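Colleague: As a plain string of letters, each chain reads:
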Amino acid sequence: MGIPDDMEDQCLSKKRPIAEDADQEKKAKKKKSTKGDPEMEMDRAVLAGDIPSLFNMQIEELLKETRMKRKRAEKLAETVEMLKDLLLNMSSGKEHKIHMQKWLKDIQLPVVQEPRTTKGCFQFHAPTRVFLGGSTPLNTCVQPSKAADLFMEMPKVCFQSKDCFNHRYTRKRALYLAAVALKLSKAKVMEDAKFTYHLGNPYRPILVLSVPVAGKGKPLTIHLHAVLEEGVFKPSRFHITKNNVRPHWFCGEERDDPDAGNEDANSLPSTPVYNTSILQDVCYDANAEFLSQQLQDAPSVRDAIALLKIWLHQRELDVGYGCFSGFLMSMLVGHLLSTGVVIRSMNSYQIFRNTLLHLSKSCWLEQPVTLCPEVGEGNRPTLVQFLQEFDVVFVDVTGYLNLCLGMTKSVYNRVCHEASLAIGCLMGDAAQHFDHLFMVPCCFQFKFDYTFTISLTPESLNKMVENFQLSDRSLDHSGDLVTTVLPSILEVLEKGLGDRVILIQPQPQPSPVWPLTEDPPTQVSDCSLTFGLLTHKSNSLRLLDRGPPANAPEAADFRQFWGEKSELRRFKDGGISEAVVWAFSSGLNQKRSVCSKIVTHVLTRHAGISSEEIHTVGRQLENILYVPRRIVRETSDISSSSNSNSKDKKKEGSSGAGYGTGEEHIYHIRQVLEDLGKALRKLPDLALRINAVTGVDAAFRFSEVFPALPAVEKLTSENLLKEKNRPLPLYTPAMTVICSLEGSGHWPEDIDRIRDLKTLYLVDLGDKLSDLGLKVNVQETHVDVLKDGYVFRLKLGVSREVGVLRMVRSPEGMLKMEDTPESLAVEAEITMLPEMTTTLQGVQQNHPSFCATVRLAKRWLSAQLLLGHIPDLVVERSVVHLFQNPLPFTAPVSPLVGFLRFLKLVSGNDYKVESFLDKVTAPPLPVIMNRLKAVAAQTLTVLQSQPDTQWKVIFRPPLNMYDVVIHLSTQWLSRGHQGVEVKDVCVAKYPEPWRAPANAVKEETLPVTDFDPAHILLQNLKSVYGDFALFFHDTYGGDVMSVLLKPGVTDPKAVELGHLFGQKPTVVDSKPALTFDLDAMVEAVKVIGGDMVVKVDVQTKIQS
Amino acid sequence: MAESEHMVIKGLTVVPVKFDEARTTVHYVYLKQHDVRQKGGDDVKPKDRTVFVGNVPPWATEESFKHAFGCCGRVENVYFHAKPCKGKPAEDNSKRRELFPKMDHRVAYLVFKNQQSVNKALHLSYTKSLTLSTKKSPIVHGCARYKQMYLESRQTDVAELKKQVTERIMEHDLKEQEIEEVLKNAEPDDEGWTVVTRVGKNKGAPRTEAEDRRVKQKEGRKRKRKEMTNFYTFQTREQKKQKIEELREKFEMDRSKVEIMKAQRKFKPF
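Protein sequence lines, in the order shown, are assigned to chains D and R. Okay, so the first sequence: first residue is 1 according to UniProt numbering, each after it adds one. Okay, so the second sequence: first residue is 1 according to UniProt numbering, each after it adds one.
Check the hints yourself; a few may be wrong.
[Said to hold, decoys possible] Residues on chain D that point at chain R, a partial pick, calculated with CB under 10 angstroms:
1. S53
2. L62
3. K64
4. F438
5. E718
6. K724
7. D756
8. D764
9. E780
10. S969
11. V1008
12. L1017
13. A1073
[Claimed, not checked] Here are the simulated distance ranges between beta carbons:
14. R:D104 <-> D:A937: 35 to 41 angstroms
15. D:P958 <-> R:P84: 39 to 45 angstroms
16. D:P1072 <-> R:P84: 18 to 24 angstroms
17. R:D104 <-> D:A922: 16 to 22 angstroms
18. R:W193 <-> D:K678: 56 to 62 angstroms
19. R:K135 <-> D:A922: 42 to 48 angstroms
20. R:D173 <-> D:D1051: 51 to 57 angstroms
It is worth saying that the hints were derived from the structure and are not from the lab. All values derive from a computational prediction rather than experimental measurement. Glycine included, C-beta positions come from ideal geometry on N, C-alpha and C.
Build out the structure end to end from the sequences listed, making use of the hints.
Modeller: Spelled out as structure tokens, the structure:
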């Protein structure tokens, strides 16, 4: 073995995890003694390729951290001994009828007693055996805080042979627990005791004890289970096809002899869940024996199981009823050991990997796994019988018990899906494996693209049981209707959604915990089920589901399933088929709603749930990207008339709000640019040909929050500026486009001359474009051109310019190429941004939700007043990172989950903004990054706690931490319509179409372009007071500007000629000095802002 | 104006100014006689007639200063600067300015017609403030100013622009030609040295970094061809040793990484 010896020392000197076998330690010592020269050892290890990799070292640390520490284990052992003593010496009680429970004092029976009475008597006797079981003695327990499982064996004498019927056994078991609880509470050994269900199974309550430990440390949690002494029941009594709960008893009908119906027992509905729940007690020993045998002398297997449990827990797979529990995982590893898929000599990583690989390729739904070689023989049920009664089957060593009790197909599919993702993780970037597999929690909200909640009432549940014909199942679940209907709901959802989804998953509910003196939580009046959908990125957007041909026999089925939604349609291939159409507009926001429409339809039709009871979570968030409908209507005339496609024209004209989330709009703008590019490349007689035309505006890379609306004269006319009190023209951005010129050797080596030549070229270009009938405005550095209502700002890309700017002559006369700020700025515009555009275009093609996600992220950042301080490209790269490196998740398909993961990314401690910077952009200030982290974390909590209502809250920044808050007049906001609080029909500013006054000179060429007074004011204030304070503003129609003074600004300074600005005279220690003049700054804001500033609130305590 | 009313700290006269009559909040400016240490003095801002003003309000204009300080005597010129300096403000000849110029002036120089005015200015009252924006010459701010600036910026005279630029280019070309001419006809100087330039009969190798690198690379390649590896036993031995050393280093690095992560509590999954 090649673990270097210093490593070995470390292991030995530090606390070893408990129960690490003694011989293991011996072995280690032996190894050490044989070790010679450490150098030699190391060399040998190296040559054998045997040094522990970083990953293995990380695993070791992780296990050390998550396992119980030795001191704690000693304390646990003491406590267990004490409890054992107490339990084994308990005195027997008197005999009581089962339903007579007065003797329990105020302790309530931890099972639902419905119907209340069942026959039989119960008498308490001390347990025959008390022992520590489960993961603690196996050393596969991973959470130090998690409970240790203590088992007590209920003696034979407590039971009669007929106790298997009609909940008699489960009630007696509960009585036993209650009695123990009563006696323990008298003994006053524990701090607190509660009941809970073991793995959420209401048939199997357990007692949760919290026992204080001597000295310091948190109290120990001990789960007290009750199991059966051997030989009380024959396992065959609980054959899954047998009935052990008589319907007439369950329905409360009185019969003289409840067991008289034995002859017709075969015709009674089977009770597999009830039977299996009891079998878990009956077969406990056999399975525990198997497991301890398999894990004997195999520390690496134990480690692997611990790792697998951490992996399960991070994915919330080991929670609630029907989960993939740690015990199940241990049994699976045991199974793999016995079949040779993993072997003991493998290290923990190899076992971990092989187990996951096996899981990812397994198909238990068709081929159940069994630990019992004689399955189906003797009285044992056959695999086919198992499959009939259960979704997922894993037969235990006895051959009677299905270990996957209550597991739905969806949970199993999720486990397989996660396993294959994990295998993908292991094949990817090695540096990230460890975090992705073990450290990142994959919460429900972050995992699934869409989540929706169904509120359930007892009435609706009963109706569902009726609709799905599940009364037999409800008998088996002793009236737990939610569990009863869940598989059926999943089934119809699966059928309805088909290949649109990859996974459908109900959110696991952790087992309830309740005090001893309360009744167990029953079917609460208003419970709810939350489902998550992991959708397929392209299938989920399909607008039409084509069914079978009209005359095919399956057509009737199809019609039955979809109801009135199904209609006959003729398809392009000539076939006439049944089909379901979900939307008529191809808008992406429409397409994204298809899945939720299907869910609503299917649940209403088949489960009788009304649409008001189904809440789709978080779809309202996209509304922030909408613009007021009125503006869209005004502008849609232009965009549709300019559109050559008559079909599109009709569509946009009819819908009115065709803008939607604006994604299609971006495609439209790109199309217009393409047309313009064609025209530009074809221009004749230019000094140099235009080789390429690339848009570098955010709109062209799908990340402009509000893509430009086509200009309408009455909303954007220049004349609006000339009249004093007219509202401002609607904001029309100028979208920068780089025209790359063909190469030429004739450019001069002087930067000013290059620029002069460019200006000449632009003048010429402007002339040529106006000859084409386009409106242009020529400036020294660019030409603005209006095409189809959009303003494009054409700039020339001359690579020579960068070269010349980089030229630096050293003192020795050597000509060097060096990056200068100026050269970098030009390079960014003509090289980096076009590259970024191409990259993001590719991302958008692969992930249609990228556009909405990045825009949501930017909108949120801006609303939180941070966008001006964090470069756009950093945000874009961060979002790209989410899509390209989604592990441990899959790439987000809905904008909401993309946005949530963005928030999670930036709020996390591991977010390194440096990795998203380039050589041009300056990194954001630390104060900004801290603020970002804080608001992102807060936003996440808001979204997770109340995702439905009040979603706008996350777009309202808290203002109390700023020193000065400037309120702007909404009249002078040219982007006011993009504001967060804007109502749908807000632009009442333009009651009448604007008419030019008679004397107006017809001189205007372009709409008012790129004119945003609030932004100019912000720039002005930054340039004046930027040394003293940071200024914050929501670019998109924010009516508030806030100011944060830099630390130390208000400290008095000595009088110096260089530091006069912004200061007022003061006296410090009776000497004249200067101090920051806040009043003058506020005054300057008021003066410079003029009528744009309504009010300035000074909130700082540092009043000057 | 009483003598006692004015305030001087460290040689700077403090004078409050305010935007207009309606406002009460004042902004303090600091006055001092202009003084140039460098030789030659300052032609534009004569020492005896010029007052330096510090902490100029961002909203002030040169025009408004001329009016406000007119109370001390006629002001000939006002210059706004970002930093104290001599001479005129740099001519913005490129006109390649941003649409909305930065408000980056911090200091001003007032050039009075008469010398006495300087003294008067340095004795301005501390209690009575000067008003900059008056009815007669108001300073426009707020949205109105931005609108005005926008409209101005959009009215570029293309023909004029073209003419200016063409002229500049011509001028430059002429200059270039002259220099070229001089270089071409370079004659040996008195001691017999000739300057080698990029033009002329004896062009030298270009003195650029790229050229330098190219030469070095060429030499490196030559050297490499002569060298032999894997020839002697000790070379292979060394190689092996080096490989082991590398692996060991990697291991040590990994271990230190793990230690760091441990310190950052990177191993607590729950």
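Colleague: Next step is simple, just say for each hint if it's right about the structure.
Modeller: Verification of the supplied hints:
Hint status for D:S53: holds, given a least beta-carbon distance of 7 angstroms to chain R, under 10 angstroms. Checking D:L62 against chain R: minimum C-beta separation of about 5 angstroms stays under 10 angstroms; hint holds. A least Cβ separation of about 7 angstroms between D:K64 and chain R falls short of the 10 angstroms threshold, and the interface hint therefore holds. Because the closest C-beta pair between D:F438 and chain R is about 5 angstroms apart, less than 10 angstroms, the hint holds.
Look at D:E718: its Cβ gets to within about 7 angstroms of chain R, closer than 10 angstroms, so that hint holds up. Taking 10 angstroms as the C-beta contact cut-off toward chain R, the hint placing D:K724 at the interface holds, the least distance being around 7 angstroms. At about 5 angstroms, the closest approach between the beta carbon of D:D756 and any beta carbon in chain R falls short of 10 angstroms, and the interface hint on this residue holds. At its closest, the beta carbon of D:D764 sits 9 angstroms from a beta carbon of chain R; the interface hint therefore holds under the 10 angstroms criterion.
Given the 10 angstroms rule on beta carbons, the hint for D:E780 holds: about 5 angstroms separates it from the nearest Cβ of chain R. Interface hint at D:S969: satisfied, since its Cβ lies 9 angstroms from the closest Cβ of chain R, which is below the 10 angstroms cut-off. Taking 10 angstroms as the C-beta contact cut-off toward chain R, the hint placing D:V1008 at the interface holds, the least distance being around 7 angstroms. Because the beta carbon of D:L1017 sits about 8 angstroms from the nearest beta carbon in chain R, less than 10 angstroms, this interface hint is met.
For the restraint placing D:A1073 at the interface with chain R, the shortest Cβ-Cβ distance is roughly 8 angstroms, inside the 10 angstroms limit, so the hint holds. With their beta carbons about 38 angstroms apart, R:D104 and D:A937 fall inside the hinted range of 35 to 41 angstroms. Restraint check, D:P958 to R:P84: a C-beta distance of roughly 42 angstroms satisfies the suggested window 39 to 45 angstroms. For the pair D:P1072 and R:P84, the beta carbons lie near 20 angstroms from each other, so the given range of 18 to 24 angstroms is met.
Checked against the given bound of 16 to 22 angstroms, the beta carbons of R:D104 and D:A922, roughly 19 angstroms apart, stay inside it. Separation of R:W193 from D:K678 is about 59 angstroms and conforms to the stated range, judged on CB atoms against 56 to 62 angstroms. For the pair R:K135 and D:A922, the beta carbons lie near 45 angstroms from each other, so the given range of 42 to 48 angstroms is met. At about 56 angstroms, the CB distance of R:D173 to D:D1051 agrees with the hint of 51 to 57 angstroms.
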